[in-house]
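Undergrad: Spelled out, the chains give:
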Amino acid sequence: MRYLPLTDVERQDMLATIGVPSVDALFCDVPKAAWRDKPFDLPPHQGELQVERALAKLAAQNVPAGSVPSFLGAGVYRHHVPATVDHIIQRGEFMTSYTPYQPEVTQGTLQYLFEFQTQVALITGMDVANASMYDGASATAEAVMMANRVTRRTRAVISGGLHPHYRETTATHAHFAGFTIEQAAPNPSVDEDLAASIDDKTSCVVVQNPDFFGRVRDYSALAEAAHAKGALLVVVVNEIVSLGAITPPGEMGADIVAAEGQSIGNPLTFGGPHVGLFATRDKYVRQMPGRLVGQTVDADGRRGWVLTLSTREQHIRREKATSNICTNAGLCALAFTIHMSLLGETGFVGLAALNHAHASLLADKLAAVPGVTLLNDGFFNEFTLALPKPAAGVVEALVRTGVLAGVPVSRLYPDRPELANLLLVAATETNTEADMDEFAAKLQEVL
Amino acid sequence: MRYLPLTDVERQDMLATIGVPSVDALFCDVPKAAWRDKPFDLPPHQGELQVERALAKLAAQNVPAGSVPSFLGAGVYRHHVPATVDHIIQRGEFMTSYTPYQPEVTQGTLQYLFEFQTQVALITGMDVANASMYDGASATAEAVMMANRVTRRTRAVISGGLHPHYRETTATHAHFAGFTIEQAAPNPSVDEDLAASIDDKTSCVVVQNPDFFGRVRDYSALAEAAHAKGALLVVVVNEIVSLGAITPPGEMGADIVAAEGQSIGNPLTFGGPHVGLFATRDKYVRQMPGRLVGQTVDADGRRGWVLTLSTREQHIRREKATSNICTNAGLCALAFTIHMSLLGETGFVGLAALNHAHASLLADKLAAVPGVTLLNDGFFNEFTLALPKPAAGVVEALVRTGVLAGVPVSRLYPDRPELANLLLVAATETNTEADMDEFAAKLQEVL
Amino acid sequence: MNEWSKAISNFTTDKLGVSGTYSGHRGLQIEEPLLFERDSEGRCGVDLPELPKAKNRLGAHARKGRIGLPGISEPEIVRHFTRLSQKNYAIDTGLYPLGSCTMKHNPRLNEKMARLAGFADIHPLQPVSTVQGALAVIDQLAYWLKVLTGMPAVAMSPAAGAHGELCGMMAIRAAHDARGETRNKVLVAESAHGTNPATAAACGFTVEAVPANARGRVDLAAMKAQLGPDVAAVMLTNPNTCGLFETEIREIADAVHAAGAYFYCDGANFNAIVGRVRPADLGVDVMHINLHKTFSTPHGGGGPGAGPVVLAAALAPFAPLPWVVHGKNGFEVLEKAEGDAAQAFGRLKGFHGQMGMFVRALAYMMSHGADGLRQVASDAVLNANYILASLKDDMSAPFEGPCMHEALFDDRFLKDTGVTTLDIAKALIDEGFHPMTMYFPLVVHGALLIEPTETESKATLDRFIGVLKALAAEAKEGKVEKFRAAPTLTPRRRLDETGAARQPILRWTPPKEPVRDTAE
Amino acid sequence: MNEWSKAISNFTTDKLGVSGTYSGHRGLQIEEPLLFERDSEGRCGVDLPELPKAKNRLGAHARKGRIGLPGISEPEIVRHFTRLSQKNYAIDTGLYPLGSCTMKHNPRLNEKMARLAGFADIHPLQPVSTVQGALAVIDQLAYWLKVLTGMPAVAMSPAAGAHGELCGMMAIRAAHDARGETRNKVLVAESAHGTNPATAAACGFTVEAVPANARGRVDLAAMKAQLGPDVAAVMLTNPNTCGLFETEIREIADAVHAAGAYFYCDGANFNAIVGRVRPADLGVDVMHINLHKTFSTPHGGGGPGAGPVVLAAALAPFAPLPWVVHGKNGFEVLEKAEGDAAQAFGRLKGFHGQMGMFVRALAYMMSHGADGLRQVASDAVLNANYILASLKDDMSAPFEGPCMHEALFDDRFLKDTGVTTLDIAKALIDEGFHPMTMYFPLVVHGALLIEPTETESKATLDRFIGVLKALAAEAKEGKVEKFRAAPTLTPRRRLDETGAARQPILRWTPPKEPVRDTAE
Ligand SMILES: Cc1ncc(COP(=O)(O)O)c(C=O)c1O
Ligand SMILES: Cc1ncc(COP(=O)(O)O)c(C=O)c1O
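Chains as they are written, first to last, in our numbering: chain A, 1 to 447; chain B, 448 to 894; chain C, 895 to 1414; chain D, 1415 to 1934.
Next up, chain A with everything else stripped away, as it sits in the complex (with noise of 0.2 Å):
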């Protein structure tokens, strides 16, 4: 068995070294009840070429997005991710390496996730970021909870337009936690205004720009209002590269951004694992959840870089800890952070106005199909069309012309008939002028 370094002959001297006759002595501990001799129902070890062969037939049973025009979007993006990601991430000393307990042979990891964490208070206009979260909606609910811990309150407002996904884990974690929320109904057509639901038991409000239906606002006001109840403003974003085009959380009085990363670096699998980005004010940075890299110098003095504050976290501080996560999304923002240190300010800028070029140019030609009607006008590379009937049906039908058509929003809220019309639609730079004409022609065709 190819991973296996040890040969029957090593095993009998090891075996003599320890004094048992055989392995199955070292299980002494195993309860009879529990003991099994015959091995598992399953099937033999197998070498690479049959294990290639099995998978590559599953792999065949998916149609990847990039053989066909696709405009999928709703929090995961493809985007061009350059070649030189996926070579460095993949390095041995990168790869196989684990969270960076010992800073004096972990340097290299240390040194990319403090640039990971400066990148991310960059974009977002925020002092700090951690060193990352399992995804954005996890990132959500942390955040939520933090808002809590700071505040002392136990009551969110969540808006309408913050993706469903991070809705219900966020509302995962309140029933169990024992907090409250407050979720504002999701209504595309109309400019929800939270300031009124906040009072003096409100933690936080939360936000997302641009919102799940493409939708970008300025929160400002907002964060104005909670602040003056001493609530606490969380933005959420879902399509991080829109912060190459559109005013920062950070700016906008954002006290706290949960956002999801994965369309820097990461490819869609399926959605996941990707990375989530989570920042902060400088006055908050003890009630982080996460692990955090802070500067520091080693014995001769020169500048080096460790783990630290870690007393917020569960294996110092156990059932006190600012969260439980442990392992977290490592190689995911190494990925985020190449890819982003390609980019630099011209290329990140950049690509965002080249997104939102795509889907400007996109939406003009869709919104000329007959029954068609674009609902929001203002959106970075996301919008929301109102069909003249079911948009899954719709989409089931572009699928078998050849055309990934987007996120019908009733894949998300099934249980909302007033949206069964709507169709998410995404454009990135990957998409063609001819992509975007073929989905203009087959919408039409299908309606």
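Since the hints were made in silico from the structure, they are not lab data.
Please read all numbers here as calculations on a predicted model, not as lab measurements.
Each residue gets a CB set at the ideal place from its N, CA and C atoms; glycine is no exception.
Heads up, a few of these hints could be off.
[Unchecked claim] Computed cross-link-like contacts, DSS-like style, restricted to lysine-lysine with a CA-CA straight-line distance of at most 30 Å: (1) 504/B <-> 1742/D; (2) 1079/C <-> 320/A; (3) 1286/C <-> 1370/C; (4) 1222/C <-> 389/A; (5) 1742/D <-> 1560/D; (6) 1896/D <-> 1829/D; (7) 365/A <-> 1370/C; (8) 836/B <-> 1742/D; (9) 767/B <-> 836/B; (10) 38/A <-> 1406/C; (11) 1040/C <-> 1006/C; (12) 767/B <-> 1469/D; (13) 57/A <-> 889/B; (14) 504/B <-> 947/C; (15) 479/B <-> 1806/D; (16) 1467/D <-> 812/B; (17) 1478/D <-> 676/B; (18) 812/B <-> 1469/D; (19) 320/A <-> 1118/C; (20) 389/A <-> 1230/C; (21) 283/A <-> 1406/C.
[As the list claims (entries may be wrong)] Now the in silico label distances, taken between C-beta atoms and shown as ranges: (22) 416/A <-> 1403/C: 41 to 47 Å; (23) 767/B <-> 297/A: 56 to 62 Å; (24) 1116/C <-> 190/A: 57 to 63 Å.
[What the hints assert, rightly or not] A few chain C positions that, by computed beta-carbon distances, are all more than 12 Å from chain D: (25) 1072; (26) 1220; (27) 1403.
Given the coordinates of chain A, assemble chains B, C and D with the ligands onto it according to the supplied hints.
TA: Frame of chain A; chains B, C and D with the ligands shown alone:
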């Protein structure tokens, strides 16, 4: 432009330091008549996304051998290469380093080349091997020229079983370097006896095993005959995997082995880059072409490796060098070394056995097709079939049914009508029995 | 002038000082500044297609002002990260016996498979008809996990072990709620990993520690005394964090069940028993599995992971969304709490879980097969016991008898030497080995927890053992200075962690006044 | 017992000796034995499908006895080669200013493209109808090369520069033969790379050196005197190996042509003029292009390369097989000397050339475009002149005026210091830089040839320049011992090359009597 670090500001600074007004001024030695101000009539620079699209389009115009049942050999064989191989050869420290001129900072390259030399010597049964040649064909030509140097003779006898491209390459060198070659006619039906053609002007006899038609032979007697006349025996190997199953050239008395190493670690890649293997006897080492790595010690007495015996080489000896080769096939040699070390003794022997079994199975299936006869019954993983009609047409017909059926001998011997009906067929571990049955069935249809 | 020139001052103002060189580099050990110190305005590491004409719809929301990201070319980026990588120790470079983390070989085949376009380039919200292969992967992986654990159900979405704990504890609370019972206390083994109590707290439970007995196992009597109608669950790890199998685990399970509570088993150490013992046969009700440990999915730098949770029948109905089920036209995804999933307790993350990890784990399982996985556990346990047996006379083992997949030592062998567990770890670094887990579990003093895993050769273990013997001897000879100074051969020596925590510098900020350009 | 244990004795019999550690490792610098010293009988790094029943047709030809290959598991293999790689310096880790080798950034995009199944998984003898895309790549690359050089034809099959030289010289001889002329002498510039004379000899020519003048260029008068009816060709490099443009190149070409000979230009230094000057406009008849230099295809450890040869009309008909041509049903391959290719001089290697390199080079060209390639030459020349200008007062430059893509120094600045060119190179290694090319070209004493390439930043050059200034100063201060001792910070210090050549050990052989097991 993503590959160019200099900014215009920096360029200006540097020009100032140099003391010239412009970069053009640095090209002052270029004759005015050759001076062009306008850029060339070629497309402008493009980003990754566009280059990927363009090249993916070209790639899509080819039929990958792995996408259909495929049975081509004739010097290039489709084997399964473990994922580890391609992962490691892409490590920057290997891929972006060059010839190890500075041993203190290239011990990695030097050690694997030493391991490569050892592996090649072991499998061929020879004393010593060099650090690689371009490919099997050029290695064969170099072998003949080396034999000429060793024997101070200029007449080589070439078997009719030598790969046609190797014959042509050797003949080309003979024509220009001014030595003569006597080529036996390719005849898959008779066991040629070259002993007769050896005389006291003969520098070497060149045979291939398995030969171009797939025949496996014992050349011990020929070796003795050659040695008796003071000539050398050069044994060429096309399919290096065969050495896991058949008697190695070293045990037959070969003086030089020239081989193609592609089968181990390297993809088909339309025929290049591949890796030439070159091995010989200790006593002839100083007449060898190519680079050699040797073991030594450093200033602290620790074991290490260096390039050695370079007085044979062009950079020292110039026109008196044993060869003009400089850049060789380093990275392909690394792929070979890694794959061979994964295989090890049991894996290499097992892989060879698997190849032989698959080919043997296939031969039975195809020989059962009416009108088809198997020409050679003693073979490794490739054999020759006589078809009732020209093989080229049959192969074309089979391509249309989605089978890459093998190599028509006429592709390589266009001017030998007597070989027109012959088809070379190879099978490796990558062919399933289903592939074989499909091939047999479709062959029957098209005949 | 470019920030990287400035950055040089970070390590060569000393000139031939610490580094002994002008450049600050030391042969192949090359210093590297922060990305932000390599900035050159206008430089860029990508070339984008040109911008098509299109209506700008951002209006007043358009970003104003510079973000502050550095401009760097591709060659410099490749070099930057390559150099950083060279400052890391990793499984690929040597033994990484970090107890409780199961740092085993990560096969490259798995990386290749996860990158097939059919897996890496599919959107989670594509019509299910276009992702049947992906759902099949989830279904097959779930099947392997159920057979290996003997449990009837598995929740696939958790993103890591701790996330799986959350999933399990939420399912437990949901089950009690469904029965109309309110139980607010959770008993957690004293030796448990920090995530266990943290998770229980995150689910609104109060946490009470269960003491360990002299044999390093749960004190059954004490636990029984703690059990009561207010106890919702007991959280134990088995094999536990001392590397020991809980001999009385079935009695524990019975007691827990008798008290109407559920038995949560932390499965982080499943590698010790995979293919040999089924948690179901031990009375476990719910357990998370760290795919990034037992099933070797890489988690470089701290992640990503995947923490599927196997559930007993009583808890299965409460598993979080989404559920992948067999429908009439192939696989379907239940994303709403209705039908079979009516009692699902909610959702823990976006979409369907860590597909990238699922593909890798499945490739790993298929490669090993039933026979191979059984051998994995055998060799992991054999390697750990070989280390324990070889070192027990040189170091001090707190507990008797064979261990499972990891060997635990305490610091009694360092008594009065002035050398600490930390010092031993740092000395190992100079010897080219990654240290074991230090000071965990908390139940023994100055713990050194060594988990070799099954992918280490005897020769490597012999080498490691030889070095530890020599270091233990040196400690006893009182070579304190050597230990205090260690490591001395690494890119950085011991780092000031206290200082880092006192005035945290958690991000780069542009230097106030430019540093002198030392690039001559 | 396992060979790797034995192997330990190779570096730790000394115990805390040279290495200062028991293991022999030094922190992240890890010692690694030979593969053959890791052998464990029966262990294997692959799992093969089972052997089907089939008739054995090998009979007496079956191999007997053990081959002697070591048995090693996959985890150990990954670690072995990862550790070896860490003992290398590379472009990815730092400046690699090896003169005449154009060690520039190798983009990863090109690696990705070359691995597309449509390129990597096609057999060279598939029906041409199934490889039209591959032939299109050859055709497009040929087009770029022809436009960039201004030459009408290109032979694509040569596998490297020296192979291209062979191709070119054979074409020249074939052309003379076709005219019934026998010319057996070739004039080669004194400063030429060793492959030039070696190639000429391999084609049966006698070689005569053309002296250089005081300006480092070919001595035109001397060359004219050497020209005659017996001269088949003149081989020059332009820009030449002193990094200088041959100012009188057109006069040289005219003289060569007037004498009825052909002008072979070694194009290894094409990077200096690509996109700016066309060799055709300089009177060149034939030139090879190292795709692995100018067009950045990686050639780790010494290869592979690719050396297409551009040809003037007079030589084009003699280009070697195969030829890729436009036919009625798309592309065709001429593999036989007939029709258009009737005069083809033969064949140089198997199949159709280095397709893997072609894809990479084309991706590189498309990425740069006409504008980018022009900038490549500009920046390469600018970087070299920046180094020349910055160091000419600290080191000694043999020639006046600006250089092209590489800066040449001689060792006059080391006169009477006791420090040699070699010593400077070794001291640079300790400073974290790869040395320049040493002692080549031969026309100056103790040559130091520095080629930065265009993919290096100003900051990196400033750093390199600063270090060389400091080292030059130290040399003049007479710090001879420091230089003699260098390098001291590398995995190995200076190696005994004389000893290696005196008694060559060119392969591992099983140890006579087993080495003592030092793994305790
Ligand atoms: C015993 C134990 N439990 C739980 C965990 C948490 O798992 P994860 O890091 O995947 O969240 C770990 C991981 O370190 C562990 O060792
Ligand atoms: C000037 C010059 N000519 C020819 C060559 C030979 O090229 P290759 O190594 O690709 O055979 C080289 C390469 O080192 C060179 O520098």
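Undergrad: For a quick check of understanding: which of the numbered hints are violated here, in increasing order?
TA: 7, 9, 10 and 12
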